[in-house]
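Asker: Can you make the complete structure from the sequences, with help from the hints?
First to last, the sequence lines map onto chains A and B. When you line the first sequence up against this note's numbering, it's residues 1 to 161, in that order. When you line the second sequence up against this note's numbering, it's residues 1 to 203, in that order.
Bear in mind the hints are in silico, worked out from the structure with no lab data behind them. Any given hint might turn out to be false.
What the hints assert, rightly or not - Listed next, the in silico DSS-like pairs over lysine-lysine satisfying Cα-Cα at most 25 Å (straight line): (1) A:K53 x B:K167; (2) B:K48 x A:K6; (3) A:K56 x B:K116.
In this text, all values refer to a predicted model and were calculated from it rather than measured experimentally.
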Amino acid sequence: MGEIIKVGMADLNVCAAPDAITTLGLGSCIGIAIRDPITKIGGLAHIMLPDSKQIKNNSNLYKFADTGIDELIRLLLLKGASRQRLVAKIAGGAQMFAFQNKSDLVRVGERNAEACVEILKRLNIPLLAQDTGLNYGRTVVFYPETGDYKIKAVGKEETVI
Amino acid sequence: MSKFNLNEMSQTYYDVLKEIGNIGAGNATTALAQMLQCKVDMKVPQVKLLSFSEVGILMGGEEQLMAGIYLLVEGDIRGSIMFLLEYHSARSLVAKLMGMECEGTEFSEMEMSALKEIGNIITGAYLNSLSTLTGLTIYPSVPDLSIDMAGAILSVPAIEFGTLGDKLLLIQTQFTDEIDLDGYFMLIPDMESYDKILSSLGM
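Answerer: What follows is the structure, encoded as structure tokens:
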């Protein structure tokens, strides 16, 4: 068994099998897991907002879907992953409070998920699986060895996508 | 261009928030004591400016089960407020309010409604102190409740703060005596409202 590396909010990291990567308590944020199935190098980014270009204070690259995914890919390639082989899975993007669509901020989970799907498509990285939306938090663990993306939620059965 | 930068917050603004926290917690203590009909005391609230990762640690880890009560704010100040407390504290508070032990591990419809009301009263106490201090009009929405992992609930205010900077500003209040609980309060005005708060105080 390898180590499990922890990624915080607005943070990312990469590892190689048998190590795994986790992030705890994803709410409206998204955990983007990307790996190269041959070298078994993988990484996880915990992004908070969809688009760095809409925010003035955007120096933290790990906070946004667009710059976060770019950084994640850059680090994966540095570690020896192949750009052509990369595949992705995403989880999170919940709407934690039920307010009826008052503002864009309330829908931020949904917007985060949409942004990730779009960016991955633009970068030609296949999105193999996705567990997003609804109204509960998720803890995720990503295993670059198998590509398994394990999802835990309060009062729910553990699932793997 | 807004005067406010969360990453370089001035000591004065910090002090203002502390004072709002103090008065707000005082009001909240009185309201809680009346509602629960028991003695409630409080410790001096602490105002903390934390990085996103530090907040989870403060509350006992990102996976700690918490109850979060969240309201939107309109009027002169726009934004949102959140009151967070640990799950077991929430349960014992509700039990005390309803005068009976909570059964099982899940909140009933009635208990959730009671918890929302507690959140409503506590956040109302803070908002009142802010409104009195600044002379600004503030209308809170109806409260909404989420019972989930600390990290997941915190993602909501963190994302709102995230549009301004990389830190999260919270007021930690300890209520003691016949009850014993740690409450976390977060006020998240939008960019223009920060300026309004500051200028209404002559800063």
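Asker: Next, verify each hint and record whether it holds.
Answerer: The hints, checked one at a time:
1. Of the pairs offered as hints, the one joining A:K53 and B:K167 holds, with about 19 Å between alpha carbons and a cut-off of 25 Å not exceeded.
2. Restraint check for B:K48 and A:K6: the C-alpha separation of about 24 Å stays at or below 25 Å, so the hint holds.
3. Taking the CA atoms of A:K56 and B:K116, the gap is near 35 Å; set against the 25 Å cutoff, the hint is violated.
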